[in-house]
Amino acid sequence: MQNQHSFDQHDSGTLFLVPTPIGNLDDMTVRAVKTLQTVDLIAAEDTRNTQKLLNHFEIETKQISFHEHNTQQRIPELIAKLQSGLSIAQVSDAGMPSISDPGKELVAAAIAANLPVVPLPGANAATTALIASGLAPQPFMFYGFLPRKASVQKAELTKLAQQEQTVIFYESPYRVAKTLTAIQAIFGDRQAVLARELTKLHEEFIRGSLSELIDWAFESARGEFVIMVQGADPVAPVASDVPLVDQVQALIDNGDKPNAAIKAVAKTNGLNRQAVYNAYHGLEETE
Numbered sequence: 218m219q220n221q222h223s224f225d226q227h228d229s230g231t232l233f234l235v236p237t238p239i240g241n242l243d244d245m246t247v248r249a250v251k252t253l254q255t256v257d258l259i260a261a262e263d264t265r266n267t268q269k270l271l272n273h274f275e276i277e278t279k280q281i282s283f284h285e286h287n288t289q290q291r292i293p294e295l296i297a298k299l300q301s302g303l304s305i306a307q308v309s310d311a312g313m314p315s316i317s318d319p320g321k322e323l324v325a326a327a328i329a330a331n332l333p334v335v336p337l338p339g340a341n342a343a344t345t346a347l348i349a350s351g352l353a354p355q356p357f358m359f360y361g362f363l364p365r366k367a368s369v370q371k372a373e374l375t376k377l378a379q380q381e382q383t384v385i386f387y388e389s390p391y392r393v394a395k396t397l398t399a400i401q402a403i404f405g406d407r408q409a410v411l412a413r414e415l416t417k418l419h420e421e422f423i424r425g426s427l428s429e430l431i432d433w434a435f436e437s438a439r440g441e442f443v444i445m446v447q448g449a450d451p452v453a454p455v456a457s458d459v460p461l462v463d464q465v466q467a468l469i470d471n472g473d474k475p476n477a478a479i480k481a482v483a484k485t486n487g488l489n490r491q492a493v494y495n496a497y498h499g500l501e502e503t504e
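Numbering of the sequence shown is given in the numbering used here, commencing with residue 218 and proceeding in unit increments.
Hint data in this document are derived by calculation from the structure and do not stem from the laboratory.
A hint or two may mislead.
What the hints assert, rightly or not - What follows is a list of derived Cβ distance ranges for each label pair:
no., residue 1, residue 2, range
1, S223, K279, 22 to 30 Å
2, N495, N241, 55 to 63 Å
3, A467, D263, 51 to 59 Å
4, N495, D432, 50 to 58 Å
5, D225, K474, 33 to 41 Å
6, K269, P354, 29 to 37 Å
7, H284, T246, 22 to 30 Å
8, D225, G499, 52 to 60 Å
9, A449, P390, 26 to 34 Å
10, S368, K279, 38 to 46 Å
Said to hold, decoys possible - Only pairs whose alpha carbons sit at most 25 Å apart, straight line, appear in this in silico BS3-like list of lysine-lysine:
no., residue 1, residue 2
11, K279, K321
12, K251, K321
13, K376, K395
14, K484, K376
Because the structure is a prediction, the values reported are computed rather than measured.
Cβ atoms here follow ideal geometry from the backbone N, Cα and C, with glycine treated the same way.
Let's have the full structure, built from the sequences with the hints guiding it.
Written out as structure tokens, the structure is:
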């Protein structure tokens with residue numbers, strides 16, 4: 218067990234996870250700017266891209282590259298710097314570090330070394346798109362980029378097709394039509410929403426059935442996309458021939474608490490919880 222008090226005094230440095238704007242520079246928070254100004258080093262996915270952000274906010278902190286191709290080389294170096302007392306801010310090109318971007322390996326290594334890891338809130342494309350989509354915002358499932366290999370992608374989509382919550386994907390403009398077609402083939406022609414160029418001048422939401430979005434995407438796809446797909450319809454409960462009392466008792470014998478077993482049996486059979494409770498306890502229904 219590990220208990221981190223983020224803002225206590227530490228002998229080591231701190232790893233700060235700093236989100237950056239996904240398009241509109243005005244979405245950079247005051248705290249994010251101050252953090253980038255005060256840390257000893259910025260670990261950036263693309264130092265050239267991040268330098269534009271630093272120049273805009275007049276931040277002079279030194280950078281070091283940290284991306285998917287040098288992760289294993291950099292992590293020991295960055296951990297050593299943190300252990301020596303230096304604080305590091307980790308940033309991706311846009312949005313939250315680790316969310317479809319580099320970062321998770323460094324976070325895991327820092328935690329394993331008992332180093333403090335402090336996240337900052339900020340811009341995120343998935344939730345920004347979701348709240349304006351018109352689809353159910355909760356619960357939702359964020360998936361990110363689907364695998365490219367067709368067989369692996371099909372297997373993943375087959376599993377996701379059973380989810381009853383809104384499912385969120387990321388995709389490039391070059392593959393969005395193909396990806397939508399693959400989703401429709403497994404999910405059916407559900408309602409879905411595309412969000413593109415979020416927070417930028419040409420921000421756009423395209424809402425409709427998957428078939429309508431496919432037609433649009435083949436003609437008009439530009440910019441980075443968030444794809445949001447309506448969840449599956451709940452499966453209608455199927456009544457069992459086994460008496461309710463026996464169903465409840467079987468769950469209890471398997472380790473469930475009586476109330477949890479009663480609730481589960483009620484859901485399975487499409488019954489009111491009280492009806493199952495009464496049946497199990499031998500109580501008569503009252504008008």
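Hint-by-hint comparison with the structure:
no.: 1; hint: S223 / K279: 22 to 30 Å; in the structure: 24 Å, holds
no.: 2; hint: N495 / N241: 55 to 63 Å; in the structure: 58 Å, holds
no.: 3; hint: A467 / D263: 51 to 59 Å; in the structure: 57 Å, holds
no.: 4; hint: N495 / D432: 50 to 58 Å; in the structure: 54 Å, holds
no.: 5; hint: D225 / K474: 33 to 41 Å; in the structure: 39 Å, holds
no.: 6; hint: K269 / P354: 29 to 37 Å; in the structure: 32 Å, holds
no.: 7; hint: H284 / T246: 22 to 30 Å; in the structure: 24 Å, holds
no.: 8; hint: D225 / G499: 52 to 60 Å; in the structure: 57 Å, holds
no.: 9; hint: A449 / P390: 26 to 34 Å; in the structure: 27 Å, holds
no.: 10; hint: S368 / K279: 38 to 46 Å; in the structure: 45 Å, holds
no.: 11; hint: K279 / K321; in the structure: 22 Å, holds
no.: 12; hint: K251 / K321; in the structure: 23 Å, holds
no.: 13; hint: K376 / K395; in the structure: 19 Å, holds
no.: 14; hint: K484 / K376; in the structure: 22 Å, holds
In terms of the numbered hints stated before, the structure departs from none.
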